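2 protein chains.
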Amino acid sequence: MASIKVEIRSGAYYDSAFLMQLQRSLATLPGVQDAGVIMGTEANKELLAHIDLLPAEAESAKPDDLIIVVRAETETGAIEALSKVDELINRRKSTSSQEHRPQSLETAVQELPEAEWVLVSVAGRYAAGVTRQALRLNKHVFLFSDNVSVDEEIELKQISSEKGLLVMGPDCGTAIIRGVGLGFANKVRLGPIGVVAAAGTGLQQVTSHIHQLGSGITYGIGTGGRDLSEKVGAVTFLQGIDVLSRDPETRVIVLVSKPPAPKVAEKVLEVARRAGKPVVVNFIGRTPAARQVDNLTFAGSLDDAAEQAVKIANQGTPVAEESKVKIDRFAPGQRYLRGLFSGGTLAYEAQFILQDYLPRVFANAPLNKENRLPNSLVSQEHTIVDLGEDEFTVGRLHPMMDNELRIRRLLEEAADPQVAVIMLDVVLGYGSHPDPAGELGPAIAKARKLAEAAGRYLEVVAVVTGTDEDPQTLDHQIEQLKAAGAWVHPSNETVVRYAGRILQALNQPKEQPEAAATTPVALATLQGTLIAINVGLESFAENLTAQGTPVIQVDWRPPAGGNERLMSILEKMKK
Amino acid sequence: MASIKVEIRSGAYYDSAFLMQLQRSLATLPGVQDAGVIMGTEANKELLAHIDLLPAEAESAKPDDLIIVVRAETETGAIEALSKVDELINRRKSTSSQEHRPQSLETAVQELPEAEWVLVSVAGRYAAGVTRQALRLNKHVFLFSDNVSVDEEIELKQISSEKGLLVMGPDCGTAIIRGVGLGFANKVRLGPIGVVAAAGTGLQQVTSHIHQLGSGITYGIGTGGRDLSEKVGAVTFLQGIDVLSRDPETRVIVLVSKPPAPKVAEKVLEVARRAGKPVVVNFIGRTPAARQVDNLTFAGSLDDAAEQAVKIANQGTPVAEESKVKIDRFAPGQRYLRGLFSGGTLAYEAQFILQDYLPRVFANAPLNKENRLPNSLVSQEHTIVDLGEDEFTVGRLHPMMDNELRIRRLLEEAADPQVAVIMLDVVLGYGSHPDPAGELGPAIAKARKLAEAAGRYLEVVAVVTGTDEDPQTLDHQIEQLKAAGAWVHPSNETVVRYAGRILQALNQPKEQPEAAATTPVALATLQGTLIAINVGLESFAENLTAQGTPVIQVDWRPPAGGNERLMSILEKMKK
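For the protein sequence lines, the chains are F and D, in the order given.
Read the first sequence against this note's numbering and you will find it ends at 575, with the numbers running on by one and no gaps.
Read the second sequence against this note's numbering and you will find it ends at 575, with the numbers running on by one and no gaps.
Hints listed in this document are in silico derivations from the structure and should not be mistaken for laboratory results.
Every value quoted in this text rests on a predicted model; they were computed, and no experiment measured them.
No false leads were mixed into what you were given.
If chains are identical, the list can't say which one is meant, so a pair holds when it fits in one copy or spans any two.
Mimicking SDA-like on lysine to any residue, the simulated pairs with C-alpha atoms at most 20 Å apart in a straight line are: (1) 369 with 226; (2) 231 with 149; (3) 5 with 89; (4) 311 with 292; (5) 62 with 390; (6) 62 with 394; (7) 231 with 368; (8) 482 with 452; (9) 311 with 491; (10) 62 with 391; (11) 311 with 291; (12) 446 with 51; (13) 231 with 390.
Given only the sequences and the hints, what does the whole structure look like? Please build it.
Now the structure itself:
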C-alpha cells in the first residue's frame, strides 16, 4: 500500500525552474511513484488533491508556503525521499553559484551600463517591484512574470509612458528586437514587417509564419495580453504602433491581440489609420465590417495576418488613398449624411460600411431596429432612405424607373443647413429609366446651387451600378453626373467610404482629447545592439547568450527575505 | 394665390407606369404647378400632405381609391386640368391597344406554350393570384411586384417547391437567365459564375462588377429580399444553390443576401458547404468568423464578392480539401474535443474558429463568459484549457517549458470514453522546452494505446509553431509527433478546422432532418432559350424583346373588375 508524506517550508524562495527540477529529482528516486513541489495556493492544492497528492497536513498550507510531497511504495521510501530534499537543494545551489553574479539590479546596471533592457521573470508577487526598479534606472522592461495585478500594470505603464520606456507585459511571453528573441521567441529572419501583439503565441505564430513565407520582421513588440483591456487602455500597444510608424525599416505593421475591449480596439484602430503605412489587423474574436478600410487590412486568422503582411510587403503596395479629406469648404453646422437610394441592398451595404465611420445612421429599412427612422418622409441626423421600399411603391413606379420622388427629396435635403453630403445610387440596365443621369444630373446641379446660394458646400456622391453594355451607356451616365458636380464611382463601397471619411471628419470634436501626455519611445534605444540584464529564469539569459547577445544574470533574492511589510518600507525609502 | 383641386376615382385599376404618365401629363399642362396621381394609401396621403398636395376632401380616400390632385396658379386652371383627365386616359388607351394581345395568362400560354417563364409585375394585391395561376400552368415565375404579404409568399413557395418550379420574389428586382435579364438587369456577359441573391441591387452590383472584371455569369437567380427570413426559410435560395451546384457550366457560386435571419443563414451555409464547388458569400450585416471555411470564401462587400469569385474562377482553384472526414473509426459515444494548450492566443483562436463547427466550447479562458469552465481541472463536453493561465503558473514553470502537467491531463482526457479528439499546441523557439515532442510524443502514443485498449479511436492533433531555424529543429519535432500517431500542421487554423470537421460530423444527428420534400428544379427548363409571358409593366416585355427574347404581353385586368370578394370566389373555383 502506497504512502504519502509531505513537508511544508515557510518563507523559502526558489524560482519555478528550480522547483520543477526538485520535483523531477524526487520523482525519480527509487520507490517513489509521484512527487509534487509547489507553492501552496488554492489552485495548486486543488490540483494536488485532483492527482491524489494532498494529504490532510498540507490542506492548510498558505500561498507563500512551499509544499513538498511524495507518494512512495512504502512509508520508509517516502520518508527517505523527503530526507534528501536538502541535499538536492544544496547540490543545485553549488552548481549554480560558480561564477560571479551581481546580487542586485543596481549592481548589474553599474557593471553593464549600456544595457537598455531588463528581463523580469521572478515570481508574480515580486515582479512589479523589480520592474519599478528597472524603470527608475531608465531601462525598457520585458516583463514575463504573470500573476501581476492589473492595478500594478496600470501604475507601471503610467511610469513607463511618462519616461518614454516600454513595459512589455506583465505576462508577456514573447518579443523580438531586431532579430533577438526575448522570452519565448522563434528564430525569425530580419525583414520589413513590424508586429505589435497583445498575444504571446499570437506573436510567435505570426512571426513564424512570416518567416516560413520567406519574409522577416523588424520588431515584434509584445505588450501582455491585458494591454487592450479597458483599464489598461492599450498604453504599450499605442507606444508600439508609434515606434513602428516612425521606424524607416518597418514597411508593414501587423497588430495582433487576444480579444480586446471593443472601445479600446476602436481607439487603437483610429491611431493605426494614421500610421502612414499599411497595417494588417487580427484581433481575435472581433470580426470587422470589411476586409479593407483605408490603410487597414483585416485578417481572418493569425496565419492570414502573416500572409497578408507578406503580400503587402512584397508588392510594396502604397498606403491607400490619403485618408484626410478636405472639410474646410463646408459651412459651420454642416455635418449630416442623407442617402437617397433606389436599391435596397446598396442601402443596407451603405449602413453596414458606415458603422466604421459614424455612431448612428437612421433608415426606413434599418440594419438594426433601434435605428428606424420614425417618419420615412423626414430625415434626421444621418439618414439613409430606401425609396424602393414597399411603403413608397403602392401605385407608384419603382424609383429606378421614376426619378420624381427622389428629385423632390434631394432638393428638400439640400435645403437643410445641417446636411453636408447627399448620396445617390444610379442603377442602370434593362428595366431601369432610360437616362437616369439626364434627370438626376440637373437636379444635383440645382441642389448644389441652392446650398451654395445659402453659403454652404454640398457634396453629392453617387454610385453608378452598370456595365459598358447597358442600354443607358455607362460612360455617358457618369459624365452627366460628374458635369453636375457629383463625385462618382462604380463601387458602392468606395463611394460610401469616401462619404464616411468626410462625415467622420466633420463630426470629430474640434480638439482631439489627447491621451495622458507621454514621451515617445526613442527609436535609437531600440535600434542599437541589444544588451540586457536578466532577473529571474536563468534559461532566458542562456538563450540570449545563444543568440550572441550580451547579458548579465542577476542572482536575485526577494528583498527583506520576502517579508512583504519590510519590502514595502524599503520600496518607500527608494522613491 | 394657388388653388388645389382633387378628384377621387373608386375601383379603377391602372398600372403604376400609367399613373406616372398621367401625373406628368397633368403637371406639364399650362398654369399647373404640381400634380399627384396616386392610390390612396396612408403612406401616399402622408406624402401628398408633406408636399402640400392633400386637400381636406382627399384625406378620407381609401387604399383602392385613385387620388388625382393638381395645384395650379388659378382655380380655373386647376379645374381645367382635372377636366382633361379622361381625355388623357383615353389617349393612352388607344395608343396601347393597337396590336392584338391575349386577355389572360391562360390564353397567352396557349399561344406560346414553350414559354417556361412568367414575369409578374401587377399591383401587389393582385400579384399572388397571378403567380398562383402561373404555377398551376407549370411556369417559373419572376415576381417583381412588392406589397405581397409574407403569408402569401410562404404559400406560393410551398407550391413552387413541390412542383420543382422557381418563384423568384416577391419584390425580386433582378434575375439573369443565361444572359437574358429579367426586371432590372444589367447586360452581363456569359461566364463561369452563378449567383443566388436575396438582394436585387446586390445582384446587379455583383454581376456588373464581375462583367467589369472581364468575367461573366451563367445564372443570376433572384429570390426576393425576404427569402432568408425565418418565416420563409430560404426556399428559393436553396433551390438556387441546388440548381447551380448541378449546372456543369457554373464553376463558382456567389451567394448574396440582405441581412438574413441568423439561423436561416446557418442552414444555407451548411448546404453551400456541400455544393461541391467554391462558394463566395456576402451576407450583409453578418460578419463571418473567418475569410475561408472549406469551400466557402467570405467577402467583405459586394465588390469584394465579385472580385473573389472572378479570382477563383480564373485560377480554377479546386474545392478545398474534402470536407467529409472519416468518422466510422470512432466508437459510439465518442464525440468531444479536449484542447490542451500552452499558448493563450492559440487557445482563443481555436475557440473562435470552432464557432463555425460546434455550438459551445467550454474554456478556462473563454471567449464569452457564459462558456467558462466551472473547474479548470475537470473538462466537460467540448473543452479548451489554457495551461499557461495564471492559475496554473504560481510557482510552476510555464507549460511551454515544463510538459508535466499537460501530459498528466492528456492521459486523463484519453481515459474519458466520450473524448474523440485531443488537440495540443507545441510551441518551439528560444525559451521553450528543448525537445517538447521528445516528451509529448511518447505521451501521445500512450494515450492512443490506452483508448485503443478500451475499444476506442483517439485522434490527437497538434499545431507546431516554429521556424526551420529554431533550436529544437522543426522537422524533428514534427516527425516525433507524427511517429506517435498525431495529425500535425504548422497552422493553428488548419489544425482547428480539421478537428472541427471531425467533431461536427460526430455530433450531427444521425438522421438529418430534411426540409419539406421538394422536387428539384429541372435544369433543362433553365438551359433552353428563354421564352416568357409578361403580366404587368410593359417595359419589362419591351426589354425582353430588346434582348432578342420571345415574349407575349398579357393585356391584364384585375379579375372581377378588382372586386376582392368576387376574386376570392373565382380563385376557389379554379382550385
